[in-house]
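Following the hints, position chain S against chain E.
There are 2 protein chains.
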Amino acid sequence: MIQFSINKNLFLQALNATKRAISSKNAIPILSTIKIEVNPNGITLTGSNGQISIENFISTSNQNAGLLITSVGSILLEASFFINIVSSLPDVNIDFKEIEQQQIVLTSGKSEITLKGKDVEHYPRIQEVAASKPLVLETKLLKSLISETAFAASTQESRPILTGVHLVLSQNKEFKAVATDSHRMSQRKLTLDKMTDDFDVVIPSKSLREFSAVFTDDIESVEVFLSNNQMLFRSENISFYTRLLEGNYPDTDRLLMNQFETEIIFKTQALRQAMERAYLISNATQNGTVKLEINSGLVSAHVNSPEVGKVNEEIDTEHLVGEDLFISFNPTYLIEALKALKSDTVRVQFVSPVRPFTLTPGDDSENFIQLITPVRTN
Amino acid sequence: MIQFSINKNLFLQALNATKRAISSKNAIPILSTIKIEVNPNGITLTGSNGQISIENFISTSNQNAGLLITSVGSILLEASFFINIVSSLPDVNIDFKEIEQQQIVLTSGKSEITLKGKDVEHYPRIQEVAASKPLVLETKLLKSLISETAFAASTQESRPILTGVHLVLSQNKEFKAVATDSHRMSQRKLTLDKMTDDFDVVIPSKSLREFSAVFTDDIESVEVFLSNNQMLFRSENISFYTRLLEGNYPDTDRLLMNQFETEIIFKTQALRQAMERAYLISNATQNGTVKLEINSGLVSAHVNSPEVGKVNEEIDTEHLVGEDLFISFNPTYLIEALKALKSDTVRVQFVSPVRPFTLTPGDDSENFIQLITPVRTN
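So the sequence lines, in the order shown, correspond to chains E and S.
In case it helps, the working numbering puts the first sequence at residues 48 to 425.
In case it helps, the working numbering puts the second sequence at residues 48 to 425.
The following block holds chain E by itself, in its conformation from the complex (with noise of 0.2 Å):
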């Protein structure tokens, strides 16, 4: 029967990480417990929505953990409801104490809460992933790259493989991360300092978002394990689990275009705010567009719903080639691929009021490169 002392904070910061791979709408009502295991070396959270899976692991070597195992043990806890009590406890120090079969009593300073828990009997395994020859990446590298294509994946059910962003890594070193919900795509690339094996998986966005979530700036690298199905990233303490979606990931190099018509280099955030103006009123109709007009080296926007009110406004540019052009496109789609750009300058390449225009950095075109399929209006 479980018993041990630890600190507050640092149980409630693993137990809230764990918790972001635990839903409590689950169609599986075991799946809304938190998994504590305790054995001699520390404590195993584990949290699990079928898609992800969070282990946590607290060594009683952490110091700042204050971890003092009496007995080990193991219990199942309603997630949500256990945080929110440990999170309301007095003291910085808890005892926890299984007092008989799944019913426990946390103590903290003069309070005294007892808990009824479940058998991890029910408990379904994680399935195991080979933790071998991993892939080291940078946490800051990989989660700037999550924040760059994830949004561009599909949110609808009816192509699911869209829904996922896909990670290539070829030539042993040559990264890829692309995303496309068909109406715009998201590719970032990044050349590895050391050679490994070659993969080709897809992986759910919403994975993705919460692996961001999970692994925090402290966490200066991941190790990254691949089995048919799964891939895990995992770090000193953490290991996160995602199923990888099944399926061809549709062919997006042959999107990208090596020749253009019109290119303009813009401010990011001027372009930004433009769309956001334009949005207010071309959000209020339909299948609101915004019209982009290139004319005699001029840049203007343009919406008309007929309804609520017209925008016009010039925007300026910090450089601009190429042919006149009328452009028409959702302006949430700009507004978004701005936002995951964090240079100050954006270059956009039109090709012809037809062709998806692309948008890459001011100050780097090589590796980040999106693109917009434009609306025809007539």
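A hint or two may mislead.
For chains that are exact copies, the list does not tell them apart, and a pair is met inside one copy or across any two.
[Said to hold, decoys possible] Below 35 Å or equal to it, Euclidean Cα-Cα: the simulated DSBU-like pairs (lysine-lysine) are:
(1) K66 / K386
(2) K386 / K190
(3) K190 / K55
(4) K314 / K236
Hints were generated in silico from the structure; no laboratory data involved.
Only chain S this time, still in chain E's reference frame:
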């Protein structure tokens, strides 16, 4: 046809304060608009939901407004939409121009937005309140009185009069505010510096909460005027009208007792945190209550929810006199009562397990008193 230019931030601030009276889902569509009236001295913004009306005046003599009026007139504009547009504009200054009947153009920097408005003709008239012999109150004092009482008003429409706060001025200077939902009561008294006319009104607690949001802390005092069915709070630029509730407010004075069997002084925070833990467990069962035990000089709190768990905890006291007592109540009421208390300590006085108990600030027992009705258990 209206034409003026104005500082964007000041305009936005006035629009947002006025919008507090405007509900976007009002059954009367015209009440989702904001009325903009421009006359040679300034601009009056008006919003109303039928219960509360706010008029906000921006004077041409206000330096921060940078207000330059070229042409006068009035128009109605969809409140939320208009405010979103104004807030998105790029420049510190906005030009507002009516180009044809009920059609305006906003120009700011290189952005030009055209919006459709409505004729002011159909906007309801705000009933006037004769502005003579005002009661002048410090805004801070009035807001603190609201935060100490309004939360205790009922949210149920079964007894509409209880959804209000009872404000009574008697003997020309004794001011009292009371609210009760029949489970708990909160009463704040204060003595005015200047003599004024007596009154006895019930104001919807919702109106008072909006009052607190609209009159920011930089507004030092407000004038209060009364008509048959309305109260008007007025500062230099803002007029805030609220309807009064009709009907007789119950006699709450008879609930106050002069004697007690047990008196305890707690640290406010310690008692509140203990109740918050109790609530986590009690809330998991229907009609969850906490039991407070005063036994041989020790005070402890207990919750037992057979399905979920138990709480037992000792609560430190600063002072304790009188009889032993077991009393059960809904911890939510005690938590909310303690939130309304600004003092570090709280004096709690009990008569019996079936009679309401009293809370007063540890440092001031005369002017602020709260009652909580216990729950009978067997």
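Hint check results:
Within a single copy, K66 and K386 get their C-alpha atoms as close as 28 Å, and across copies as close as 30 Å, so both meet the 35 Å cut-off. Taking the shortest Cα distances, K386 and K190 sit within 35 Å of each other inside one copy (15 Å), while across copies they are farther apart (41 Å). In the homo-oligomer, the alpha carbons of K190 and K55 lie at most 35 Å apart inside one protomer (28 Å), although the nearest pairing across protomers, at 37 Å, exceeds that limit. For the identical chains of this complex, K314 and K236 are intra-copy neighbours only, at 23 Å inside a copy versus 59 Å across copies, given an alpha-carbon limit of 35 Å.
When the structure is compared with the earlier hints, no violation turns up for any of them.
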